[in-house]
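Asks: Given next are the chains, with one letter for each unit.
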Amino acid sequence: MIENALPDDPTPTPLKTTPLDAWHRRLGARMVPFAGYAMPVQYDFGGDLAMRCKGGVMAEHLHTRAAAGLFDVSHMGQAKLLGATAAAALERLVPGDILGLKPGRQRYTLLTNEAGGIKDDLMVANLGNEALFLVVNASRKDDDFTHIAASIPSAVTLELQEDRALLALQGPEAANVLSALAPEAAQLRFMAVAPLTIAGIPCLVSRSGYTGEDGYEISVPAADAEALADAIIANPAVVPAGLGARDSLRLEAGLCLYGNDIDELTTPVEAGLTWVIGKRRKMEWDFPGGLAIRDQLDNGAHRKRVGIRPDGRAPARAHTEIVADDGTDAGSITSGGFGPTVNAPIAMGYVRKDLAADGTPVHVIVRGKPLPAVVAPLPFVPHRYAT
Amino acid sequence: MASKNADKRYTKDHEWVTLDGDIATVGITDHAQEQLGELVFVELPAAEREVASGEACAVVESVKAASDVYAPLAGKIVETNDTIVEDPSIVNSDAEGEGWFFRMELDNTDEFDALMDQDAYDEYLESL
Chain A
3 MIENALPDDP TPTPLKTTPL DAWHRRLGAR MVPFAGYAMP VQYDFGGDLA
53 MRCKGGVMAE HLHTRAAAGL FDVSHMGQAK LLGATAAAAL ERLVPGDILG
103 LKPGRQRYTL LTNEAGGIKD DLMVANLGNE ALFLVVNASR KDDDFTHIAA
153 SIPSAVTLEL QEDRALLALQ GPEAANVLSA LAPEAAQLRF MAVAPLTIAG
203 IPCLVSRSGY TGEDGYEISV PAADAEALAD AIIANPAVVP AGLGARDSLR
253 LEAGLCLYGN DIDELTTPVE AGLTWVIGKR RKMEWDFPGG LAIRDQLDNG
303 AHRKRVGIRP DGRAPARAHT EIVADDGTDA GSITSGGFGP TVNAPIAMGY
353 VRKDLAADGT PVHVIVRGKP LPAVVAPLPF VPHRYAT
Chain B
250 MASKNADKRY TKDHEWVTLD GDIATVGITD HAQEQLGELV FVELPAAERE
300 VASGEACAVV ESVKAASDVY APLAGKIVET NDTIVEDPSI VNSDAEGEGW
350 FFRMELDNTD EFDALMDQDA YDEYLESL
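These protein sequence lines are chains A and B, in that order. Note that our numbering numbers the first sequence so that position 82 is 84, with each residue one more than the last. Note that our numbering numbers the second sequence so that position 110 is 359, with each residue one more than the last.
By construction, these hints were calculated from the structure, which means they are not laboratory data. Certain hints may be false.
[What the hints assert, rightly or not] Simulated crosslink set (DMTMM-like; lysine to aspartate or glutamate; CA at most 20 Å straight-line): (1) A:LYS371 with B:GLU375; (2) A:LYS371 with B:GLU292; (3) A:LYS56 with B:ASP279; (4) A:LYS56 with B:GLU283; (5) B:LYS325 with B:GLU297; (6) A:LYS371 with B:ASP343; (7) A:LYS56 with B:ASP343; (8) B:LYS261 with B:GLU375.
[What the hints assert, rightly or not] Distance ranges between label pairs, derived from CB positions: (9) B:ALA295 with A:GLU323: 20 to 30 Å; (10) A:TRP277 with B:GLU304: 42 to 52 Å; (11) B:ASP371 with A:HIS321: 33 to 43 Å.
Positions of the beta carbon are idealized from the N, C-alpha and C atoms, including for glycine.
Using the sequences and the hints, build the whole thing.
Replies: If you want it as structure tokens, here you go:
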């Protein structure tokens, strides 16, 4: 009856490990396969950490919203795109305004396909000195980097950063925690990026995350990852948090999980991500699938990504069918579970456009039974980003 | 060989069973609740439902996943513990006591003894 892997995990074996593998195991992590890596899904804390948080998905989630959680996201793909025309080269592949991205700033964007579908979602930072920094999903990184390398001119170089770990420090105490180790961290604004020395370790830090809370994502040399993680959890506000809490936090924050909520068959219009299309890019639509996406914007998508609130206590998981009040097919849930902060089941999914308005009553088919639910605004928990 | 759980039996799906006459009380083991983590939802079978041995008849959900609970033996559901539906955390705090799931009238009480005893279950857990 016990299935610890996250849903829909297409993991092959053998598993790769992150530079923090031994660290997780020492701290009581339950490791599960995810995107080809052994990753901590949750912790059973002992000693000092147990005084801060009892561990488990719910407790780690709530601790992150109340104070701060430290996530190992080293499975994600990190790369630099180097060259005077790097931004122009990347714009051939994404709808975002990359030429307009100022040094020291980061932006969320999408790799699109010719049909307007989403190949991946990613973060792009302008490091200055003709260097962009990319962070892509673990499950997509091989495809993404092959795709990017094949598309860039010879004057631009894609340099994978496989010798780096990535940590995310998230929660309302994150700024206090990191500023105590690197005072400049307090000055970083939301979606700013800067090289910072943290506890003597040279890091690349952005003020961003995947929980809806204030926080930082910290790229660090693999060899220094343990020392950095130890320095951060030395602060009593912080506990390590696993992929389980990361998933419930991002779901409450209404953020998409690639492979669940967005994929090659969903478009930015359907997914409600048209804000990623740069204003200047809407003049030319010169990115993969641009004309298809413009057409869909003009004529409306047939379906839309929405929040779903099931009545009662039963969670409606991914792939749950959604049915309209008149019994017709409405769509399906793409991410669903229990929101610890909301203290109720929450989900997101795609519904027919005529059912996408907030408050529309629907049914979700859970274990063969139609349960009442309602289309709800996203996020379920308000974002609390830094300014 | 008497132990404190001499009259308790276990399944490979991590259910526990005790027997009083021909009425079996069924729950999930402490090991199971620990592996699942904090439960947020429990669904129990309807009273009077006839269940086959190994038939999925209850559901538990944690934040991250749903899992079935199986009838360990064949019989008829006669009582369910609705307090765990109201407060699933009781299953986490007392899985093998107050956190029982349902009682069933067994078709054949002889099958009870074929289930694993405490020693066999402990050995089974070691092998996982």
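Asks: Against the earlier hints, flag every one the structure doesn't satisfy and list their numbers going up.
Replies: 1 and 6
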